[in-house]
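Residue numbers (this note's numbering), protein chains in the order written: chain L, 1 to 113; chain R, 1 to 113; chain A, 1 to 113; chain C, 1 to 113; chain D, 1 to 113; chain W, 1 to 113.
Calculated from the structure, these hints are not laboratory results.
No experiment lies behind these values; they were computed from the predicted model shown.
Quick reminder that beta carbons are idealized off the backbone N, C-alpha and C, glycines included.
Incorrect hints may have been included.
[To be verified] In silico EDC-like pairs for lysine to aspartate or glutamate, Cα to Cα no more than 20 Å straight-line:
# : chain 1 : residue 1 : chain 2 : residue 2
1 : A       : Lys79     : C       : Glu14
2 : R       : Lys46     : R       : Asp34
3 : C       : Lys73     : R       : Asp34
[What the hints assert, rightly or not] Now the in silico label distances, taken between C-beta atoms and shown as ranges:
# : chain 1 : residue 1 : chain 2 : residue 2 : range
4 : R       : Ser78     : A       : Lys28     : 14 to 20 Å
5 : R       : Lys4      : A       : Lys28     : 54 to 60 Å
6 : R       : Lys4      : D       : Asn16     : 49 to 55 Å
[Stated by the list, open to error] Cβ-to-Cβ under 7 Å is the rule here; a few derived chain C residues that face chain D:
#  : residue
7  : Ile26
8  : Lys28
9  : Leu33
10 : Ala37
Number of protein chains: 6
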Amino acid sequence: MHPKVEEFNAYRSEMNTRILATDNLILKRIFNLDTNAFAEGALDVKTKELIGLTCSLVLRCDDCVKYHIGKCKEIGLSKTEIVEGMAIANLIGGTIVIPHLRRAIEFLEQLEG
Amino acid sequence: MHPKVEEFNAYRSEMNTRILATDNLILKRIFNLDTNAFAEGALDVKTKELIGLTCSLVLRCDDCVKYHIGKCKEIGLSKTEIVEGMAIANLIGGTIVIPHLRRAIEFLEQLEG
Amino acid sequence: MHPKVEEFNAYRSEMNTRILATDNLILKRIFNLDTNAFAEGALDVKTKELIGLTCSLVLRCDDCVKYHIGKCKEIGLSKTEIVEGMAIANLIGGTIVIPHLRRAIEFLEQLEG
Amino acid sequence: MHPKVEEFNAYRSEMNTRILATDNLILKRIFNLDTNAFAEGALDVKTKELIGLTCSLVLRCDDCVKYHIGKCKEIGLSKTEIVEGMAIANLIGGTIVIPHLRRAIEFLEQLEG
Amino acid sequence: MHPKVEEFNAYRSEMNTRILATDNLILKRIFNLDTNAFAEGALDVKTKELIGLTCSLVLRCDDCVKYHIGKCKEIGLSKTEIVEGMAIANLIGGTIVIPHLRRAIEFLEQLEG
Amino acid sequence: MHPKVEEFNAYRSEMNTRILATDNLILKRIFNLDTNAFAEGALDVKTKELIGLTCSLVLRCDDCVKYHIGKCKEIGLSKTEIVEGMAIANLIGGTIVIPHLRRAIEFLEQLEG
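Construct the complete structure from the given sequences, taking the supplied hints into account.
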């Protein structure tokens, strides 16, 4: 695994543990919902992850984008599909999204090794 | 057609005409891209419209949400699928999205007659 | 009650019912969390409502602002306290917040009759 | 004057008076700064109003956009110049800005009579 | 003091000096207002800092969040109170806020030593 | 050239190449529009770059701000003019913009050597 991907995953996992250790019920439930919302339902998992990725991109959250790119790859979406989703997000969100797209493509290519 | 839907479509169409009549090349090209981006590609039209809908919802743009709900219905997405997509957007975007969800559900039910 | 306040409450309540009627589990849980988060805890209810109000104002959501102004009045916050909270939000969020502040003050004064 | 323009100006002016009547010092100073910031300085008034207009458009604040379109017309900017500025804002802010551009063009044409 | 906290404070202080050294009157006044707005008034300092913190979190500004967490600790708010405030912000702002919450908790725990 | 400026330019250029290498037509056209929109037109290049800079600042995109500061310097805008534009953006966007202003001033002064 690319060291940058490993570092990203480790920090995310470590801090999630520390957030849940604060024992705040609202935060626990939000984390719980986050897992449930992306499970297979009326929409399949690929569609849901693309929704997660593109919403993260228009909201310009680098870490959220990276997380969903990781999931997209994991469940078998191709680079072309991922980039096509991100292109729609870029059009909706405007050129202000481009710096986040740069970091997204960098992470996607790190994942691909 | 529900009068509110008709009114929405008429205003949208009228103002698009007037925007293009300003003859600004950048605006023309943005409008053009907007049509192309949602055409069948590596991703199918249903996935793309769900991306358009959910990105519009997290960005809290009522008119964009209405437009994409209209397209979603037109291409055959069910109410359950549309609502499931919007639920993910609501989780990502937070409770600040709820007032926009109210207007989205209202419009969706107006479309259904 | 001022007719505008009544109208606001009625629409909000009617659409919440219709959202919950879609029977989407994620949405139900988000609505549930929304109730729990503002209950007395380590922070008292007044502080929580001021947080709700000011976060709504910087995020520029008129309906959320109106809802929390209603709650703030209900639990006994004075107009001076509410306006002082909103002034901080205006400073943090910038002059782009002013149009929302106009509608907030209008609603606050409608509530006061 | 077009009735919609008159209505917009009247509401804005009435609510500004009521905001200042709350006698909150922070709000008074923000309003004061707002006047000073757009006065002739190292940058001329036309450039400043175009900055005000385009920033309002990317932040998607209809009332702010209308206000600055009014000022732009008042100080002699042409429709072509105003639209060119708004086209840049549309590109930066993305297609999510289009519904606000519709209302901007409508207001601009109401101002022109 | 944790080296990350020291580094944060030093950069903030150094750049504030350089911003004020540009001698721009509008910026000077904004900085001034920022100090005044958080002073004791109709609302007490604890409430104001919690407003500052939660508004910063929903607007997803890491540096603003860190600054207000520092102030919250300084004036005696407990970790439980701070986390409870941030949980409300997370609910309002959605899961897109979580990466910022991670960095907030990390900074809070660095402050606690 | 200051090493931080060089690093910024190199990363930006490298990643733009890799984005275009994905061969996505929508992205290519967005990049194309981005070049065209800032060319001399009804508005001159200085006004357009100030629009680009201030819109980037209110949207709080550090990389976009840096890019436009670079362009502003390149076409001959003075530090006073650039700072005056950014002060308007700070007022419109609120104190939440200040951390981005810090990084903007730092980059501007790195550019000046």
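Hint-by-hint comparison with the structure:
no., hint, result
1, A:Lys79 - C:Glu14, "holds, 19 Å"
2, R:Lys46 - R:Asp34, "holds, 16 Å"
3, C:Lys73 - R:Asp34, "violated, 30 Å"
4, R:Ser78 - A:Lys28: 14 to 20 Å, "holds, 19 Å"
5, R:Lys4 - A:Lys28: 54 to 60 Å, "violated, 27 Å"
6, R:Lys4 - D:Asn16: 49 to 55 Å, "holds, 51 Å"
7, Ile26, "holds, 5 Å"
8, Lys28, "violated, 10 Å"
9, Leu33, "holds, 6 Å"
10, Ala37, "holds, 5 Å"
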